[in-house]
Each structure stands twice: as C-alpha cells, then as structure tokens.
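Chemist: Note that UniProt numbering has the sequence shown beginning at 1, numbered continuously upward.
For the record, the hints were derived by calculation from the structure and aren't laboratory data.
Where a beta carbon is used, it is the ideal one built from N, C-alpha and C, also for glycine.
In silico DSS-like cross-links for lysine-lysine, where the CA-CA straight-line distance does not exceed 25 angstroms:
1. LYS88 - LYS278
2. LYS72 - LYS112
3. LYS69 - LYS106
4. LYS112 - LYS73
5. LYS73 - LYS88
6. LYS73 - LYS106
7. LYS73 - LYS278
8. LYS88 - LYS263
FRET-style restraints, in silico, Cβ to Cβ:
9. MET65 - SER115: 15 to 25 angstroms
10. TYR26 - VAL118: 44 to 54 angstroms
11. ASP128 - GLU24: 52 to 62 angstroms
12. ASN229 - VAL47: 24 to 34 angstroms
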Amino acid sequence: MLVLLGWLVVICSIGGGFILAGGELYALWHPHELLIIGGGAAGAFVVANTGHTARTALMWFGRLMMPSKVNKKYYMDILSLLFDLFAKSRREGMMSIEADYEEPTKSAIFSKYPSVLVNPQMTTFICDYLRLVTSGNMASHELDNLMDLEMDTLRHEQEAPAIGLARVADALPGFGIVAAVMGIVLSMAAIAEPPEVLGGKVAAALVGTFTGILLAYGIIGPASNAIENRVHQEMDVFQCIKACIVASQNGMPPQLAVEFGRKTIPTYYRPTFAELDKRVRNR
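The task is simple: from the sequences and hints, build the whole structure.
Modeler: Next up, the structure:
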C-alpha cells in the first residue's frame with residue numbers, strides 16, 4: 001500500500017502543480033509517446049534479462065501492492081517453530097524430527113505455523129539443513145559456510161529483478177529523448193504550418209522527455225528500490241534461521257539457540273527476550 005500511496009503522491013503533486021500553473025492535464029496525454037518510451041524500455045528489459053527474471057519482476061509489482069509478510073509476528077513464528085524442532089530432537093533424539101522435515105506439510109509442528117509453511121522456499125531451507133544436521137556428518141563451521149553459499153545464491157536470484165528495473169529506470173530518460181527527437185522530426189516536417197499547430201507539435205515532443213524522466217525517477221526507480229528493500233527483509237529471515245540452526249549444531253540448548261537467531265533480527269521487528277520466552281513456554 002505504501003508503494004501505491006507514494007506513486008499517488010508523485011502523480012498528484014506533479015499534476016497538481018502543473019494545473020496550478022495554468023496547464024491542462026490533457027496536454028500531457030500523448031499515447032504514442034508512451035508507446036515509444038514504454039515499449040522501448042520493456043523491449044530492452046526483455047533483451048537484458050532472463051525469462052525467469054522478467055516473470056519475477058512482473059510478480060513483484062503485484063507483491064508491492066500488498067504489505068510485507070515479514071514482521072514481528074512472522075519472526076516469532078520462525079523462532080517458535082525452530083524451538084519446537086530443537087526441543088523435540090533434544091528430548092527424543094535427532095531422528096525424531098525426520099518425519100517433520102521430510103514431509104513438513106504433514107508435520108504437526110510445522111502445521112502450527114502456517115505463515116512459515118505457506119512459504120515453500122523458507123520451509124525447504126529449514127528442512128534441508130535439519131536433514132544435514134541429523135546426518136551427523138557435517139561440522140558446524142562447514143554447515144555455516146554452506147548456508148552462506150546458498151544465501152548468496154538466493155540473494156543474487158531475488159535481487160535480479162530489482163537490478164534489472166534499476167537499469168530500465170536509468171534508460172528511461174534516454175527513451176524519453178528518443179521520443180522527443182522523433183517529435184521534433186515531425187515538427188520540422190510541419191514547419192510551414194501555422195504557429196499554433198507547430199507549437200502543439202513541439203510541445204508534444206517535449207512531453208516525451210518529461211514522460212521518460214517521470215517514469216524513471218517517480219515510478220520505476222522507486223519500485224526497484226522497494227523490491228530491493230523487500231529482498232533484504234526476506235534475507236534477514238534466512239540469516240535468523242541460519243543463526244539458530246548453527247547454534248543448535250554447536251550444542252546450544254533450544255532456548256539459547258533461538259536467542260542467537262533473535263539477536264540477528266532488525267530492532268524494529270525483534271521481540272524481547274521475555275516475549276519470546278513466554279511464547280515458547282506456552283506452546
């Protein structure tokens with residue numbers, strides 16, 4: 001919703017200022033300019049990125065319309081889930097959680113946390129490393145390094161749409177100039193027309209530059225930054241999970257293992273020690 005609100009503020013501020021200055025919004029409406037600029041930018045984006053990145057970028061625009069799922073409650077669910085898994089493995093043995101990580105959708109523990117289970121990537125990440133831990137053949141520092149490698153891969157993959165859109169934002173003013181130059185070419189072809197006709201054509205050409213700059217700095221550029229921020233939020237969750245699992249692998253009891261994870265959470269989402277302690281004791 002904040003993205004929609006931000007875009008609305010941008011458009012209303014610029015459009016409102018233009019109207020207050022005596023302009024008419026209709027003078028800025030030139031569909032052919034939008035086709036040149038938008039089509040050129042979209043084509044360049046498709047050429048420069050993989051099909052997966054292009055599809056993911058489109059999906060991100062839908063996700064940006066909704067609030068982020070990463071919040072304090074989500075972190076509490078993650079930590080509580082890991083605590084329950086660690087406590088069960090400590091109480092009944094490591095192999096007792098095999099059924100949980102092999103089929104998380106049928107697990108009584110995972111089923112208590114639908115907010116985690118609904119995220120297949122997060123669930124798979126947890127289950128894969130619990131499987132490695134129960135195998136007993138990997139030292140904690142090796143596990144730590146492997147998790148870092150996978151997180152780097154995930155970060156690179158998830159940031160690709162943001163990087164691609166940022167490059168489109170950088171190119172949009174150039175496409176605006178292309179549209180403006182084409183408009184000037186048409187204006188020169190009509191040089192013999194009356195001043196009011198020629199002036200309208202020149203104004204239409206200038207709208208191309210305006211549109212390219214507006215889309216770059218008011219729409220696409222901020223959207224790219226918003227996607228990047230969301231990716232950072234999601235990667236912070238993976239960092240929290242990693243800290244908990246590595247701490248447990250190092251022999252920390254469940255309560256201390258999730259405390260390691262709690263300390264990695266950004267302060268504006270981080271539950272207090274008392275809040276987390278109360279939550280895990282009441283499960």
